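Visitor: Okay, here's what each chain looks like letter by letter:
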Amino acid sequence: MATKILTEHISTPGIETFEVYRKKGGYTAVEKAIKKMTPDEVVEEVKKSGVRGRGGAGFPMGMKWSFLAKPEGIPRYLVCNADESEPGTFKDHYLMKNMPHLLIEGMIISSYALGANKSFIYVRGELMYVIRILEKAIEEAKAAGFLGKNILGSGYDLELVVHPGGGAYICGEETALLESLEGKRGNPRNKPPFPAVKGLYQSPTVVNNVESIATVSWIINNGGEAYAAVGVGKSTGTKLISASGHIKNPGVYEITLGLSCDEFLNSDEYCGGVRAGHRLKAVVAGGSSVPIVPGALFLKTANGEDRLMSYESLSDGGFVSGTMLGSGGFIAFDETACIVRNTWNFSRFYEHESCGQCSPCREGTGWMQKVLNRIEHGKGNMSDIDLLVDVSKKIEGNTICPLGDAAAWPVASAIRHFRDEFEWHIKHPLEATKPGAVYMGDGVLV
Amino acid sequence: MTDTNTKISFTPERLAKAKEMIARYPDGKQKSAIMPIMHLAQEQFAWMSQDVMDYVASLLDITPIEVYEVATFYTMFHLEPVGKHVIEYCRTGPCVLMGGEEVFSHLKNKLGIKKGETTADGLFTLKEVECLAACGWGPCFQIREKYYMHLNNQKVDEIIEELSK
Numbered sequence: 001m002a003t004k005i006l007t008e009h010i011s012t013p014g015i016e017t018f019e020v021y022r023k024k025g026g027y028t029a030v031e032k033a034i035k036k037m038t039p040d041e042v043v044e045e046v047k048k049s050g051v052r053g054r055g056g057a058g059f060p061m062g063m064k065w066s067f068l069a070k071p072e073g074i075p076r077y078l079v080c081n082a083d084e085s086e087p088g089t090f091k092d093h094y095l096m097k098n099m100p101h102l103l104i105e106g107m108i109i110s111s112y113a114l115g116a117n118k119s120f121i122y123v124r125g126e127l128m129y130v131i132r133i134l135e136k137a138i139e140e141a142k143a144a145g146f147l148g149k150n151i152l153g154s155g156y157d158l159e160l161v162v163h164p165g166g167g168a169y170i171c172g173e174e175t176a177l178l179e180s181l182e183g184k185r186g187n188p189r190n191k192p193p194f195p196a197v198k199g200l201y202q203s204p205t206v207v208n209n210v211e212s213i214a215t216v217s218w219i220i221n222n223g224g225e226a227y228a229a230v231g232v233g234k235s236t237g238t239k240l241i242s243a244s245g246h247i248k249n250p251g252v253y254e255i256t257l258g259l260s261c262d263e264f265l266n267s268d269e270y271c272g273g274v275r276a277g278h279r280l281k282a283v284v285a286g287g288s289s290v291p292i293v294p295g296a297l298f299l300k301t302a303n304g305e306d307r308l309m310s311y312e313s314l315s316d317g318g319f320v321s322g323t324m325l326g327s328g329g330f331i332a333f334d335e336t337a338c339i340v341r342n343t344w345n346f347s348r349f350y351e352h353e354s355c356g357q358c359s360p361c362r363e364g365t366g367w368m369q370k371v372l373n374r375i376e377h378g379k380g381n382m383s384d385i386d387l388l389v390d391v392s393k394k395i396e397g398n399t400i401c402p403l404g405d406a407a408a409w410p411v412a413s414a415i416r417h418f419r420d421e422f423e424w425h426i427k428h429p430l431e432a433t434k435p436g437a438v439y440m441g442d443g444v445l446v
Numbered sequence: 001m002t003d004t005n006t007k008i009s010f011t012p013e014r015l016a017k018a019k020e021m022i023a024r025y026p027d028g029k030q031k032s033a034i035m036p037i038m039h040l041a042q043e044q045f046a047w048m049s050q051d052v053m054d055y056v057a058s059l060l061d062i063t064p065i066e067v068y069e070v071a072t073f074y075t076m077f078h079l080e081p082v083g084k085h086v087i088e089y090c091r092t093g094p095c096v097l098m099g100g101e102e103v104f105s106h107l108k109n110k111l112g113i114k115k116g117e118t119t120a121d122g123l124f125t126l127k128e129v130e131c132l133a134a135c136g137w138g139p140c141f142q143i144r145e146k147y148y149m150h151l152n153n154q155k156v157d158e159i160i161e162e163l164s165k
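In the order they appear, the protein sequences are chains A and B.
Number 362 in the working numbering belongs to position 362 of the first sequence; there are no gaps in the numbering.
Number 136 in the working numbering belongs to position 136 of the second sequence; there are no gaps in the numbering.
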């Protein structure tokens with residue numbers, strides 16, 4: 001049985017309440033951290049765990065914490081990024097609505113470790129019902145003495161504020177999120193200075209994803225080394241994978257990092273395989289922005305080795321034949337999916353979500369969307385394919401924040417792996433624009 | 001809508017709530033409460049008319065342009081009048097894979113309106129939105145705070161009928 005670090009009790013009736021969560025061992029990690037450990041010792045355990053940021057970037061969380069500047073007399077902030085908006089990703093939504101106290105408990109310990117007395121959970125505004133669940137959980141934790149003034153008689157004070165967003169993918173980028181939290185438009189900031197030095201209200205700030213913070217209680221209860229013993233290599237611990245698309249069992253699964261991609265896709269414990277009567281065509285392994293790969297390259301690397309659900313294995317082969325674990329937004333496409341249409345859809349998303357601050361992204365996302373739109377609707381030219389690659393290259397790496405890369409990669413990878421499908425659309429516009437028409441290439445399906 | 005100027009004010013309960021929201025943020029950083037208060041305003045006034053935005057600015061002691069800037073950046077704020085029920089349906093990839101295009105085309109036909117429009121009886125407004133973070137439970141839409149998931153044509157019919165009563 002795989003280790004369940006986050007979701008062991010998620011199906012327990014009433015687990016969203018303080019009472020049931022507490023009975024299942026909840027808040028013991030707060031007691032341990034605050035009564036028996038110094039903040040630095042908590043940071044040390046998280047460092048030892050090797051847990052990497054679960055929002056998508058995969059940067060080691062303990063290291064991020066250790067960068068936090070600590071000038072005298074200036075408040076420090078912890079901000080939880082719950083602006084989950086990457087297409088294909090719904091794990092934080094799932095975790096927060098079912099186990100709000102797991103996040104609250106993690107926030108208390110993490111805030112203590114960082115020396116923050118006021119911490120924020122920035123939740124995308126669409127999830128207002130989840131915000132109400134979190135606020136209720138905070139009230140319960142406060143009533144039980146785990147939040148507020150003088151927590152557990154330790155002298156440590158902490159206030160948690162749940163802050164709603166207003167509908168903007170870009171606010172998942174940490175500096176855009178901080179701008180937004182300050183009451184402004186979500187335009188990402190130039191770095192440096194990094195948030196660890198000048199973040200929220202120009203004060204030292206750490207921004208962590210929901211799932212990252214939710215791991216902290218287990219790490220404190222069991223030790224960083226125990227966490228690091230789960231998983232494979234530098235992909236320690238477990239990861240929540242949001243699975244959607246053409247699979248038998250869409251949903252959120254907690255996997256041990258290093259699980260084989262084949263088992264994840266085909267085992268009944270997870271996705272249950274491609275939906276009945278269909279075959280796998282392509283996979284987006286880590287949210288819409290990571291490179292799309294043909295099914296065969298998801299299951300095996302270019303060298304023929306079994307691909308694993310880990311940061312390293314999924315990126316094996318670079319962008320030539322690999323992809324990324326990203327946020328764990330797994331999307332499966334069977335033979336009924338049109339890659340051109342999907343790429344156009346994703347491009348439209350990035351055009352819509354570009355904040356407009358950097359020209360390559362503002363202009364390039366719109367340009368790619370328009371070119372893909374005309375290919376999809378039977379009006380493309382053969383030169384459009386190289387034009388798309390050219391535009392994507394001119395966006396990539398040339399913007400303040402990673403939204404530009406996120407917009408470029410899906411287009412570049414779709415053309416890299418499915419070029420013949422784009423060509424077919426251009427050469428056979430009448431056929432390609434018939435309702436439900438999909439290109440059936442040779443040897444793509446698994 | 002310009003004649004409503006003098007009528008724009010929160011109910012006493014919402015005004016108290018707005019003050020409590022402002023107090024959540026550090027002294028001098030009351031502007032942080034802008035979106036919480038705009039959500040509260042939209043709950044009462046249905047959409048962000050200029051008068052509503054000016055009222056929000058007055059509560060926060062900031063200039064009106066600061067509210068306009070935010071209202072025009074974030075997609076959840078309605079800048080035009082809307083119907084009683086605003087249906088915000090997801091148009092992004094994963095919902096499309098689950099049959100979203102067919103289901104939402106059925107929804108448009110049923111209501112007889114296109115995206116961005118409101119039915120003649122003022123009951124429904126359709127708004128196309130990006131990913132709602134419910135991809136494995138799609139196709140989905142939301143109406144106010146409620147998520148409607150695993151949608152198909154029949155479910156859409158039932159929801160519309162229920163809300164039309």
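No wet-lab data here; the hints were simulated from the structure.
Since the model is a prediction, treat every value here as computed from it, not as a measurement.
Check before you lean on any hint, since a few could be wrong.
With a straight-line Cα cutoff of 25 Å, these simulated BS3-like cross-link-like pairs (lysine-lysine) come out [to be verified]:
1) A:24 - A:36
2) B:165 - A:97
3) A:198 - B:17
4) A:23 - A:142
Visitor: None of the hints should be skipped; say for each whether it holds.
Guide: A quick look at each hint next to the structure:
For the hint linking residue 24 of chain A to residue 36 of chain A, the alpha-carbon distance of about 21 Å falls within 25 Å, and the restraint holds. In summary, the hint linking residue 165 of chain B to residue 97 of chain A is not supported, as the alpha carbons are separated by about 30 Å, beyond the 25 Å threshold. In summary, the hint linking residue 198 of chain A to residue 17 of chain B is not supported, as the alpha carbons are separated by about 31 Å, beyond the 25 Å threshold. Among the hinted pairs, residue 23 of chain A with residue 142 of chain A is consistent with the structure: their alpha-carbon atoms are about 17 Å apart, no more than 25 Å.
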